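Peer 1: These are the residues of each chain, in order.
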Amino acid sequence: MRSRFDRRSVLRGILGGSAVYMALPVLDRFLDGNGVAYADGAKLPVRFGTYFWGLGLTDTPAGGTRWVPTKTGLGYEVMPELEFLRPVQDKVSVFSGFRAIPDGRANQVHWSGHASILSGIAPASPLAFDGPTFDTRIADAIGGNTRYKVVDIDASVSRKPVSYSSRDGTTFASPETTPLGLYTRLFASGFQDPNSDNWKPDPSIMLRQSVLSAVKDQRAALMAGVGKADQAKLDQYFTSVREMENQLSVQLQKPGKCEACVVPAAPKDEAARSASIDVVNSNTKAMAKLLAMGLACNQTRVFNFVHTAGSSETYIAGQSKIYHQITHDEPTDAQLGYQSQTSKIAGMVMQGFGALLAEMNAVKEGNGTLLDHMLVMGFSDTGYAKIHSIDNIPIFLAGGAGGKHKAGQHIHTAGDSVTRVSLTAMQLVGAPVGEFGTGTMKTSRPVSEVMA
Amino acid sequence: MRAAVALFALAAVLSDCGCGIAAAAGAATPGAPQQGANAPIKVAVRRITESQYRHTIADIFGMGIKINSRFEPERRDDGLLAVGNSDLSLTTSGFEQYFALAASIAAQALGDNQAAAIVPCKPSNPAGADDGCARQFVAKYGELLFRRPLTGPEVAVRVRAASAGAIQAGDFHAGLRLALTSMLVAPEFLFRIETAEPDPAMPGKYRLDAYTKASRLSFLFWDTAPDAELLEAARTGAIHTESGVNDQLARLIASPRYEQGARAFFVDMLQLDGIENLVKDPAIYPKFNQSVADGAKEQTLRTTIDLLIRQKRDYRDLFTSNETFINRPLASVYKVPFGSSGDWAAYTFADSSERSGILTQVSFLSLFSHPGTSSPTKRGIKIYEIFRCEPTPNPPADVDFSKVKDSTQGTVRGRLLDHMSNNGCTVCHRRSDPPGLALEHFDGLGQLRTTENGSPIDVSADIRGTKIVGAQGLGNFLRNDPRVPACLVRDVYAYGVGRKIDDREEDYLADQARAFATHGYRVPDLMVQIAASPEFFEVVIPKGAMPVPKPANTTAQAR
Chain G
1 MRSRFDRRSV
11 LRGILGGSAV
21 YMALPVLDRF
31 LDGNGVAYAD
41 GAKLPVRFGT
51 YFWGLGLTDT
61 PAGGTRWVPT
71 KTGLGYEVMP
81 ELEFLRPVQD
91 KVSVFSGFRA
101 IPDGRANQVH
111 WSGHASILSG
121 IAPASPLAFD
131 GPTFDTRIAD
141 AIGGNTRYKV
151 VDIDASVSRK
161 PVSYSSRDGT
171 TFASPETTPL
181 GLYTRLFASG
191 FQDPNSDNWK
201 PDPSIMLRQS
211 VLSAVKDQRA
221 ALMAGVGKAD
231 QAKLDQYFTS
241 VREMENQLSV
251 QLQKPGKCEA
261 CVVPAAPKDE
271 AARSASIDVV
281 NSNTKAMAKL
291 LAMGLACNQT
301 RVFNFVHTAG
311 SSETYIAGQS
321 KIYHQITHDE
331 PTDAQLGYQS
341 QTSKIAGMVM
351 QGFGALLAEM
361 NAVKEGNGTL
371 LDHMLVMGFS
381 DTGYAKIHSI
391 DNIPIFLAGG
401 AGGKHKAGQH
411 IHTAGDSVTR
421 VSLTAMQLVG
431 APVGEFGTGT
441 MKTSRPVSEV
451 MA
Chain Y
1001 MRAAVALFAL
1011 AAVLSDCGCG
1021 IAAAAGAATP
1031 GAPQQGANAP
1041 IKVAVRRITE
1051 SQYRHTIADI
1061 FGMGIKINSR
1071 FEPERRDDGL
1081 LAVGNSDLSL
1091 TTSGFEQYFA
1101 LAASIAAQAL
1111 GDNQAAAIVP
1121 CKPSNPAGAD
1131 DGCARQFVAK
1141 YGELLFRRPL
1151 TGPEVAVRVR
1161 AASAGAIQAG
1171 DFHAGLRLAL
1181 TSMLVAPEFL
1191 FRIETAEPDP
1201 AMPGKYRLDA
1211 YTKASRLSFL
1221 FWDTAPDAEL
1231 LEAARTGAIH
1241 TESGVNDQLA
1251 RLIASPRYEQ
1261 GARAFFVDML
1271 QLDGIENLVK
1281 DPAIYPKFNQ
1291 SVADGAKEQT
1301 LRTTIDLLIR
1311 QKRDYRDLFT
1321 SNETFINRPL
1331 ASVYKVPFGS
1341 SGDWAAYTFA
1351 DSSERSGILT
1361 QVSFLSLFSH
1371 PGTSSPTKRG
1381 IKIYEIFRCE
1391 PTPNPPADVD
1401 FSKVKDSTQG
1411 TVRGRLLDHM
1421 SNNGCTVCHR
1431 RSDPPGLALE
1441 HFDGLGQLRT
1451 TENGSPIDVS
1461 ADIRGTKIVG
1471 AQGLGNFLRN
1481 DPRVPACLVR
1491 DVYAYGVGRK
1501 IDDREEDYLA
1511 DQARAFATHG
1521 YRVPDLMVQI
1531 AASPEFFEVV
1541 IPKGAMPVPK
1551 PANTTAQAR
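If you read the sequences in order, they're chains G and Y.
Numbering-wise, the working numbering puts 71 at position 71 of the first sequence, and it's gapless, one number per residue.
Count along the second sequence starting at 1, add 1000, and that's the number in the working numbering.
No false leads were slipped in.
The calculated lysine-lysine pairs, modelled on DSS-like cross-linking and capped at a C-alpha distance of 25 angstroms, are: (1) Lys-1205/Y with Lys-228/G; (2) Lys-1066/Y with Lys-160/G; (3) Lys-1140/Y with Lys-216/G; (4) Lys-1543/Y with Lys-228/G.
Just so you know, these hints were derived from the structure itself, not from any lab.
Fair warning: this is a prediction, and the values are worked out from it, not measured in the lab.
Required output: the full structure, derived from the provided sequences and hints.
Peer 2: Structure below.
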């Protein structure tokens, strides 16, 4: 009789069909019976997501904008392009007047704005960020004990699938682009229904773990004689291997029950391949619905959602010009004082964000909704797209963050760095980060007004 | 020289070290220390592309293996994915995809009916472990996948995995599946790890090791991993000799696989990868669908390969030839009859069709347009970037667009003339727009038209003082532009070496461009000429590459 269990002896036991004892490393936090509250019942886990849309929101050049409320604090008025957030206004904080500060570097159009928000550094080139994106730090802090540390989604149906999440600033995540793809990832192969009473560990998982051990075994030999940039690439590769290992070990744990989890049906049809705004919004809604269940079923706690990319290719069906062209070409309407077409499409684009928040808010969880137990940071690449402005980039924090976010406020500054909002988001969801950004954008000052 | 090579080759054969790295360095200077200045270094870590992955798997395990997976996004830099991808690693979700794919390939290749055909030995016990047979399997397929012989530890760790798996599952092949999966997700397979070693002929200098040279040749000409003969040329050291390289080049270029390699090059250079995600507004272009998009890509590739590789015609004919191939969905877009019973048929456009050269094909015209309109600017920018290797900078961030008037009537030329008269825009638009304006008889999908919003479309253009008219005028202009073949030379070289071109290489490229012209602008000759030049194997040492420690125990290969 062996006195200690190792992976092989356990595996033999499982495959032999007799023992089901699990000699696995204990995860640092266990869930209780409902699968989402901690064992002490103190609180539900907090989830985090980024939500990106392209081309900012519209200015009224003579003064004001189509989206910044005049009133600050609680009870701000809903501006025309923010109509989407009316149903969830008390759960959404609006941040205006924050800017990306390039410190003498060129404004890389449709790139510097979100690069600054995500990495804290104004980028040197339009191909890469100059550092990792902050969502990866949040994923490291809160995403470890679920099947997927992070899920990336791109609903834009445009040229290249886009993600702005990167660990090295160069290699970007490959997102799910269709409801079927997202469903398959979250709920098809490898999915274990947390509410099933017939859970058994899948013996093939341990075999897959042994495959990864063989890969990792050669790490030292591989790293020898490698240049600096190549070393970073290989480090990223091995980080991915480690995360895969973690994913497998999570799957060997009996999942705790999740009362809010209702396994959705597979999407029937493939989404239409068209980048028109109605298709992008319906793609957004369908994927948000699946994502909400993915979160409620504890498959992931962190996501990055792209509605439309920086140089958005979306358009109104039948209209020959795309939104991007219109933002630049359309003159300011002399009577209205703003670009009327641009503002109309901006409002339609924001319906996507509204749809995502509505789906999160529709899932009842604990004493509130899923949205109450998460934080979504929504932002764009520009402020006023017509002039590629990276001042006054619209940013939103939505959701209660488990009671940490004093939501429903309008915060306005006269040109503070966007990194303050990024830092606020990190701290609201419990990432151990005290300082973020470089140069003028370096900050250790979160927006304390929204922090409980 | 010949004697030295023979000695080197013999040493390589006699060395019981199976590791490519150690074999090369150890053979070059037997007994030399493996640390310090004489140690091998890794000069590049390049992620293999989707097509390289697919070709490699098909070559090793057969065409029947199904690969249903999403691959990591690629990145274009200096006009080429081959350059941009050299900077990329693997994300978590990307690794997840490769991991699932590896298991799927292993299950297919070593399925109950297939395993016997690919395993080089019979296991002593099909229901258990057989380390000897597993070792043979790992050594054989490891060398094909890693593109060099495996080291002892690399084999051993997989033999252990196979053994454990076989015992657990009671199935020898189940164990091999694990070993194979681990090779298919290994960085040594997913990345091309290029290694340099001290050059025995030039003390203090480095040369690419033999297996790295074999891979460079194989990926350039075949878009796949080296075959047994290339690996053998590396093993014997023949690839370090001029005649050895020439022998391989003659074989590479004569092989039917060369077309596959040339296709991969032209997909990258012509940016045809973009077709996969191309979208059009169906309300404006009802004829557009995925089969038109796929057909458009295939049409351009067929045209290019037939003209340049099979017929070995002058590269510049690509811009003027009206010979092409079409299928049924494309015939509808081109509004020409399709009478063939096959999927594809050769077709020669009439002069009146205004179609000549690949710039008048649906692929180029639709790829570089908006979803609902054509875009002379996009087309112009891409003509400069793809065919003249001249990138256009991003528009300045502070352009005052308010002076640009909107035009919902008339032709797009009017709107662009506004750009050209605007100080902030003029520098780039004066350059980018004229070639695109010459293509305005083709809409955003590539359909022929002569009016827009009821106004006749003017397709005359002035390219830096040269007046041209229409697509045929543009084709002739490019045919006679010496920068166009020079750009191809640059692309072939950058594609092969997988990195940005250094300023110091300009003289070399100019020499190659002259030779290209002298030999009648034949693309296969150009590729051979570049691959045969010493510069193709030149070592560029990356920042911070440290000497490697002495390799651990290695083992003789079972073969």
